[in-house]
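> 2 is the number of the first residue of the sequence shown in the numbering used here; add one for each residue after it.
Mixed in with the good hints there might be a few duds.
As the list claims (entries may be wrong) - Calculated pairs, EDC-like style, for lysine to aspartate or glutamate (alpha carbon to alpha carbon, straight line, at most 20 angstroms): (1) Lys8 / Glu25; (2) Lys67 / Glu25; (3) Lys8 / Glu22; (4) Lys67 / Asp39; (5) Lys29 / Asp17; (6) Lys29 / Asp46; (7) Lys67 / Glu22; (8) Lys8 / Asp54; (9) Lys8 / Asp39; (10) Lys88 / Asp39; (11) Lys29 / Asp39; (12) Lys29 / Glu61; (13) Lys88 / Asp14.
I should point out that these hints are in silico values taken from the structure, not numbers from a laboratory. Computed from a predicted structure; not experimentally measured.
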Amino acid sequence: QDQFAGKWQQAHDDQDTQAVERLEQFRKNVSSFVRLYDFLSQVYDYSGSPLEDLSAFCRELAQWIKAERTHDTIDISSARLVAIEQKD
2 QDQFAGKWQQ AHDDQDTQAV ERLEQFRKNV SSFVRLYDFL SQVYDYSGSP LEDLSAFCRE
62 LAQWIKAERT HDTIDISSAR LVAIEQKD
């Protein structure tokens, strides 16, 4: 996570659009692989195969490199709750 976030921040600070696009594409590819594996594993049993291990790794990796984790933090200190509704 720290490596990816560091590279993302460095590319963003340097305004290196190619590096940002490569990192964004990598993040999307990891997520796409996980979704594709989930879909195909309903049809084909991958248990015991290297793809199963890769899927587990990519699933965890995707959580660590989510887009919202790589962007600047958002200051919501001035936000206020104006309404709330309770549903039974």
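> Does each hint fit the structure? Answer for all of them.
Hints, one by one, checked against the model:
{"no.": "1", "hint": "Lys8 / Glu25", "result": "holds, 11 angstroms"}
{"no.": "2", "hint": "Lys67 / Glu25", "result": "holds, 10 angstroms"}
{"no.": "3", "hint": "Lys8 / Glu22", "result": "holds, 12 angstroms"}
{"no.": "4", "hint": "Lys67 / Asp39", "result": "holds, 18 angstroms"}
{"no.": "5", "hint": "Lys29 / Asp17", "result": "holds, 18 angstroms"}
{"no.": "6", "hint": "Lys29 / Asp46", "result": "violated, 25 angstroms"}
{"no.": "7", "hint": "Lys67 / Glu22", "result": "holds, 14 angstroms"}
{"no.": "8", "hint": "Lys8 / Asp54", "result": "violated, 26 angstroms"}
{"no.": "9", "hint": "Lys8 / Asp39", "result": "violated, 29 angstroms"}
{"no.": "10", "hint": "Lys88 / Asp39", "result": "violated, 33 angstroms"}
{"no.": "11", "hint": "Lys29 / Asp39", "result": "holds, 15 angstroms"}
{"no.": "12", "hint": "Lys29 / Glu61", "result": "holds, 14 angstroms"}
{"no.": "13", "hint": "Lys88 / Asp14", "result": "violated, 45 angstroms"}
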